[in-house]
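Use these hints to put chain B onto chain A, whose structure you have.
Protein sequences appear in the order of chains A and B.
The first sequence begins at 1 in UniProt numbering and counts up by one.
The second sequence begins at 1 in UniProt numbering and counts up by one.
Derived from the structure by calculation, the hints contain no laboratory data.
Careful, some of the hints might be misleading.
Copies of the same chain look alike in the list, so a pair counts if it fits in one copy or across any two.
[Said to hold, decoys possible] List time: in silico DSSO-like cross-link candidates among lysine-lysine, alpha-carbon distance up to 30 Å:
no., residue 1, residue 2
1, Lys-225, Lys-274
2, Lys-225, Lys-256
3, Lys-244, Lys-256
4, Lys-312, Lys-444
All values reported here derive from a predicted model rather than from experimental measurement.
There are 2 protein chains.
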Amino acid sequence: MENLSDQIFEKINAYWRAANFLAVGQIYLQDNVLLKEPLKPEHIKPRLLGHWGTSPGLSLIYVHLNRLIKDTGAAILYICGPGHGAPAIVANTYLEGTYSEVFPNVSQNEEGMRKLCRQFSTPGGIPSHVSAHTPGSIHEGGELGYSLVHAFGAAFDNPELLVACVVGDGEAETGPLEGSWKSIAFLNPKRDGAVLPILHLNGYKIAGPTVLSRMKDADLEELFKGYGYEVFFVEGDDPMSVHKQMAVTLNLTYQKIKNIQHQARINNSASKAKWPMIILRTPKGWTGPKEWDGVPIEGTFRAHQVPLTGVKENPEKLKLLENWMRSYEPQNLFDQNGRLIPELEELAPKGNNRMSALVYANGGLLFKSLVLPDFKKYALDVFTPGTVEAESTRNLGKYLRDIFTLNQETQNFRLFCPDETSSNRLEAVFEVTDRCTMEEILPKDENLAHDGRVMEVLSEHLCEGWLEGYLLTGRHGLFPCYEAFVTIVDSMFSQHAKWIKTARELSWRKPVASLNYLLTSHVWRQDNNGYSHQGPGFIDTVVNKKSSVIRIYFPPDANTLLSVMDHCFRSKDYVNVIVAGKQPELQWLSMADAIAHCNQGASNWKWAGTDHDQQPDVILGCAGDVPTLEAVAAAWILRKELPDLKVRLVNVIDLMALSPVAYHPHGMSEELFLDLFTAGAPVIFAFHGYVRIIHDLVHGRPDPARFHVRGFMEEGTTTTPFDMVVLNQMSRYHLAMEAVKRVPRMHNRVDDFIRHCETKLKEHQVYICAHLDDMPEVKNWKWSE
Amino acid sequence: MENLSDQIFEKINAYWRAANFLAVGQIYLQDNVLLKEPLKPEHIKPRLLGHWGTSPGLSLIYVHLNRLIKDTGAAILYICGPGHGAPAIVANTYLEGTYSEVFPNVSQNEEGMRKLCRQFSTPGGIPSHVSAHTPGSIHEGGELGYSLVHAFGAAFDNPELLVACVVGDGEAETGPLEGSWKSIAFLNPKRDGAVLPILHLNGYKIAGPTVLSRMKDADLEELFKGYGYEVFFVEGDDPMSVHKQMAVTLNLTYQKIKNIQHQARINNSASKAKWPMIILRTPKGWTGPKEWDGVPIEGTFRAHQVPLTGVKENPEKLKLLENWMRSYEPQNLFDQNGRLIPELEELAPKGNNRMSALVYANGGLLFKSLVLPDFKKYALDVFTPGTVEAESTRNLGKYLRDIFTLNQETQNFRLFCPDETSSNRLEAVFEVTDRCTMEEILPKDENLAHDGRVMEVLSEHLCEGWLEGYLLTGRHGLFPCYEAFVTIVDSMFSQHAKWIKTARELSWRKPVASLNYLLTSHVWRQDNNGYSHQGPGFIDTVVNKKSSVIRIYFPPDANTLLSVMDHCFRSKDYVNVIVAGKQPELQWLSMADAIAHCNQGASNWKWAGTDHDQQPDVILGCAGDVPTLEAVAAAWILRKELPDLKVRLVNVIDLMALSPVAYHPHGMSEELFLDLFTAGAPVIFAFHGYVRIIHDLVHGRPDPARFHVRGFMEEGTTTTPFDMVVLNQMSRYHLAMEAVKRVPRMHNRVDDFIRHCETKLKEHQVYICAHLDDMPEVKNWKWSE
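Okay, chain A solo, but in the shape it has when bound:
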């Protein structure tokens, strides 16, 4: 690292002025973007939108990181946490040329600069926050709180990467962000990269002060030392003073990071390090207008968005805007053509050293396919349906174990799970790897190691965010989760799905591995946990996202689960949701049948039906392991009791196969749909989740009103699996009764059959309550439900 002279600070300051100038330009201007003539109302955009407040700080950090890269050659990923930071980040990616490379129409000249300004927060343009459109970003600045968790996800297994993560003081108030500081307890300096958090305190959110900004430095230091960091402050409102502090502090923190890593790597041993972090206190809307009409702007919440409004209408304000913009001296920053002058251009790194062109930020460029074992090797022998019992996820665990082994060298696969890997029966993975911690390991611990590849933390937010960061930088992973509690990350999933949709529309962004969820410990088998653990609603959130991105699978047994999982691990740029129980359950399909079933998405299970390739009287549909069990049992009851009734059983493993082709790429052809469900036979459909998904998916199919769906109807408690399906009217008897009711030619036999089923149901209930025989109120309550 060279010694930092005053001259370099002058240059840094000039570069920063250029970035600030462009940030203001994006917010205000549609013409005269170089201020070659005095500002006139017609140069101002018709509607002023955008966020100035955070921009100067973000640009300050950017230009100083550029300096560090130039001096050290470090690979630095810039994560911009503060909301609506696009004016600054886009300006910087434009100044260093990357923006024009990916969006050639926004060229590095006056005309390009005009387009840059016009497109910002404009119809058909770009949003006011960092997004997939922004080269160099893996993080959307829309929904706040995930910058730091994304940063750590990116750093895992990327030993040469330094992630500079700017955390805004607004965002810092969110739970997920506060929960992310402890990620250093999982960051291994030997094998992982580093994260340098830069907490940017500019004092205000939209309207009120932030909690952290009102804390004294001593309290802040205590707090972050408590989190385990070594804290460095950079503070002030005098640019040159802040530049000098910032440069020195960046050098120092960079050196500390290098030392931590060096020690861990030469000693081949790691423990939890005291990583450095920076707290940067600068005024909100720094270098902007100081006040208007005696009311202060700079340094207050009034600088949050557009600090001067009505400039088009008010000549005085227009003049103030012009003075403000001219204070950056654009004539000394850009040449006549609007290009940054060479002596400033040379401050930015070149090629892929530019943060905006960093390959890590376009993870598809680094993507290596996962080496997968032959999933058929793990097949269970199922010669006859319904004769073998097994725990499907336990079997899957062996397959996952071997993925760890096969990809040991590449180090590009991890499990992320809220302390449930064993509970979800995936324990086989611990034969080859461990849970990860950087804290002290005690003799009484099990399967715990500093280099473990199973990331367990009791935070669905961290699991999700780490995995997103890991995937977007080109790696692979799986998030196994209790079904009910994955809804904790509903909104994070939604933002990721939106990111993927947008990224796919940008040809320069390369595909990354899909985000794979394994939802187990599901609604139907919360025998002791009860109602709070019964919630299949995540799929309702997923199914609404863009059909090109989302896939939902309900493998009914172990072999189908293997086949589906293998398919998902090979896919790119999707979100795959796989719902599969962990409890011992009957197995239905041999591996050959499982593969065929998965390929088709839904099949007629002829061995379960009684229609013998004829037009059925009624169809039992099912999706999900427990619904499948009940539907098969219903078919069996009907075969026994009403042998002349022609029943067909159709199992749906790929949920979106039900969708009309026009609405989802997996939608089965009309031909196959008719082949399976006929054009008009009544369908009694047992569904794992809430019924509305099925009602919607079959809308547009022939006669959707004939689909009678049973699913979870929010009747839950601490009870047996069978009682759960009874409470929700999805039991085999309920399905069978509904089926018979729907067949006109059975009209005269319905009453007898219903009596039969109700008797059987009562017997079952008695059995369920056998050891509660002295609590008749419970028994009665259950039956009268």
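Structure of chain B alone, referenced to chain A:
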């Protein structure tokens, strides 16, 4: 407070032993619950479920808080954060008699004790975590992370209440919990009660160690001092030593709290206080079996759930269990009838002083109706539909302002909002109250005060959790939120809806105020924020919850919004979701019409239609403000272009009115449905959210396949409101084209009409892109979409 003698510690210890004995009994026994004879396999439950690990610590805290209440008369609410803590908490509520009062069959004798044990984690019984069934609780221990935020919500405006909040070290890893510590920045010692956090470090989650438990005391102290607390440690594994420390520490912390409050109250001025907290370190599964087969249990993750399994089958293990249970000396704790002996009974507080009988924990007992202004006073004059423009939420702000004024004395109403009160145009409230902070207030701040009643924090988790705690202790509130970001609390909402459903089934729990959401800044008007801010999915989560609990409203204008809000503030035990835009928009209904419309849930807007009370050719349905605008405009286009087409316009304000009566209490009668939608006319329905809700709701209505729904199809970007509806094919032209296509007698005029609409659409597109005229690629992209 009396001096604590050794004798009292012996008694406290005995009481604790009784609680521990009952916790073990609940996990293991179905008979011989007093151990009157040697344990036999048949005394053991058929399936062993439950969580021992956290129980001894929870009971320890309980018995010590009892002592504090006896000595001081303090009103203490016990919030049990650790998951699956029911064995301990239920045992304690049983020992002090409350449990038998609310569940008389579980009486305070041997038979009752047998039922107590049998019902635990048993079919038809109670869940393994604290829930609505548990007297004295306002907090479900199922989904982890919300104990502390509930505690603060309960403490706001309850100056005499002390909330003792036990935070588990597992739960402490969640983002929402970590985000909750800063709640003291909003807790006013003058007007609010206190929260005493007791962080219980027992070392392990299900399988691995917790992050906090592995930290050194010095680091923990630094962290929590950084958060602003004064930290007191209670540590050990020797019961008598821990008892003494705990008693002294509780006295000390109680005194500190009293001092803080006293100072603030006599000086009539408050600032952020250094509130005390306790860190309690005791072994997981303390007093349980030390080891089995040489493998340690107590103090390890193996004590998390059932520490000894297979006791029914293994006589040696059965003996160990018996020894363990006898180590509590039940014969010295309970009399022959199974009742706690009098000298221990007298340790517990009596009547409503018992934490399990605290009125605050059954908020309906304290409930006072909100004094509401006459909402009609705030009506906008709307003589002719579609002639006045207004911002509906800005108008609502005046109504909310006056609610603050009218309930100033009772101090039982607050707004909870992530720093968006002004952004959501509810600014009028700041005429009478302020944002709340306990941090320093600077001259440049606006509408900020220590006693402000608008709770702004950039955390949807805190807003939601505070409000839940506030409501469950008998008060009122409103959560205005950006629509897209309320999905951050999907899972919290779900748990609250489950709580309400369960509480309503318990006659001893009294109704509380509804949880009211105002979702604004919605999907259709994110003109500059773009795709990340466009997400109407919260209603999909809500609509799945129990129909007896949830209500969803789409007021299309200002007067309907007032009427709906007034209705919601008067309701109890619901979750009401109100979706209403904040942007200037056309007004449709006079106040009289608005009230009638709200009462019916959905109406035929005759002034918009052209069917003149005849059978319409086609019906335009709509729900939501933007869809209503488009549907009305579509009717206008059709009236102009195809005057002989009979079009009806039906606006739905109460979404659940669409539902068949059998599925939701608000479902409109079949008669009204036929009256509005006829039996067979095609319906083109413009919906605010994703289409699937409508497809589901009309399933079961006559001919649901005739409903053709347009809604948000995940096409979003930074663009104009009109372009948004175009991108999602819900524009007036799309609706009109679809309508004409669906009317057979229009067959020969369809092509002309479509050409007309497409021409108009192109003109509109050009208009949208007018100031982007030099970016043809954007223009083309938009049109070819």
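Each hint tested on the structure:
1. In this assembly of identical chains, Lys-225 and Lys-274 lie within 30 Å of each other by CA distance both inside one copy and across copies; the values are 9 Å within and 19 Å between.
2. Taking the closest pair of Cα atoms, Lys-225 and Lys-256 come within 30 Å of each other both inside a single copy (16 Å) and across two copies (26 Å).
3. Taking identical chains as interchangeable, the C-alpha atoms of Lys-244 and Lys-256 lie at most 30 Å apart only when both belong to the same chain, with a minimum of 18 Å there against 45 Å between chains.
4. Within a single copy, Lys-312 and Lys-444 get their C-alpha atoms only as close as 70 Å, which misses the 30 Å cut-off; across copies the closest is 27 Å, which meets it.
In summary, the structure agrees with every hint in the numbered list given earlier.
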